[in-house]
Amino acid sequence: MTARIGVVTFPGTLDDRDTQRAVRLAGAEAVPLWHRDKDLKQVDAVVLPGGFSYGDYLRAGAISRFSPVMESVIDQAKAGMPVLGICNGFQVLTETHLLPGAMLRNNHLHFICRDQKLRVETDKTAWTADYEPGQEISIPLKNIDGRYVADERTLDMLEAEGRVAFRYLDMNPNGSLRDIAGITNEAGNVVGLMPHPEHAVEPLIGTGRTDGLGFFTSILKKLVDAR
Amino acid sequence: MARVVVDVMLKPEILDPQGQAVQRALPRLGFQGISDVRQGKRFELEVDGPVDDAALARIHEMAETFLANTVIEDFVVKVEAAEGSAGAQK
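Chains R and S are the protein sequences, given in the same order. For reference, each letter of the first sequence is one residue, going 35 to 261 in our numbering. For reference, each letter of the second sequence is one residue, going 31 to 120 in our numbering.
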């Protein structure tokens, strides 16, 4: 049986189609999920894609956090279901407190769009098992609210527990504390990152590399192993 | 009907580049002597019925769960009496 990966569409989501495509290229079935439905359609994992959910009014991700679909996603994530939040999805995950910290306007105040080099810091998450710790990848980054902040105690805790999942290399594009590009929860099933792996899954588009495909093959392997 | 104001500000230790951009523009515009600017949000809530302790408790809960993200922001809830006369601080 093919693994079923849900991809949520909120009003203002932009990258749901690219994410569905990445899921299919990895060999899974992409299941569209609608923000007003509580029903997760028996998916094995969920991706919250990038965009500007509910216009990012109030704060990035703040309104979508209270959508019907997120009630189910939060419950299931706490029960161990793998959830990946990319860019706006990462902002939603911090607003739900499934991941610690918060996302703020970039320190230079500009929207930024570039190929970004990252270091994958851990393979001990549901979404990074196909990478090596320390592996350097390049995937697109595009955001204006990408500055990750948390208090010193939380940052120290994340470092000590190996929960900084990705770090920016060469340049810090938005002022994120300790060059953090992505983090994971304690169990390793919930992961959030600002850059976009779903835009680097085919050699003909994006960076010309397929460095992002590992996210979607990782989750597939994890789900197959779990069966 | 009464008005309740919720002011939301980034915590003092959080970098506020928007406030800094405003502050840097001030001397250029001929406004001297402002050494720091921080930018926040103000919500004006028109409340049906009396603003009693129960109503204020609900607004406090609303501010804490939704209007402010308390990871990065502080908030203050103030009651404004009708027609702009001075209101009680809460």
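Calculated directly from the structure, the hints in this document are not laboratory data. Every residue, glycine too, gets a C-beta built ideally from N, C-alpha and C. Warning: the hint list may mix true and false statements.
Per label pair, the in silico range of CB-to-CB distance [as the list claims (entries may be wrong)]: (1) Lys-158(R) - Thr-100(S): 38 to 44 Å; (2) Glu-74(S) - Asp-149(R): 55 to 61 Å; (3) Asp-149(R) - Ala-55(S): 30 to 36 Å; (4) Trp-68(R) - Lys-108(S): 37 to 43 Å.
Evaluation of the provided hints:
1. Lys-158(R) - Thr-100(S): 38 to 44 Å: Once the Cβ atoms are compared, 30 Å apart, the range 38 to 44 Å for Thr-100(S) and Lys-158(R) is violated.
2. Glu-74(S) - Asp-149(R): 55 to 61 Å: Because 44 Å falls outside the window, the suggested range is violated.
3. Asp-149(R) - Ala-55(S): 30 to 36 Å: 32 Å Cβ-Cβ, so the 30 to 36 Å window holds.
4. Trp-68(R) - Lys-108(S): 37 to 43 Å: 39 Å, holds
Violated hints, listed in ascending order, are 1, 2; each of the other numbered hints is respected by the structure.
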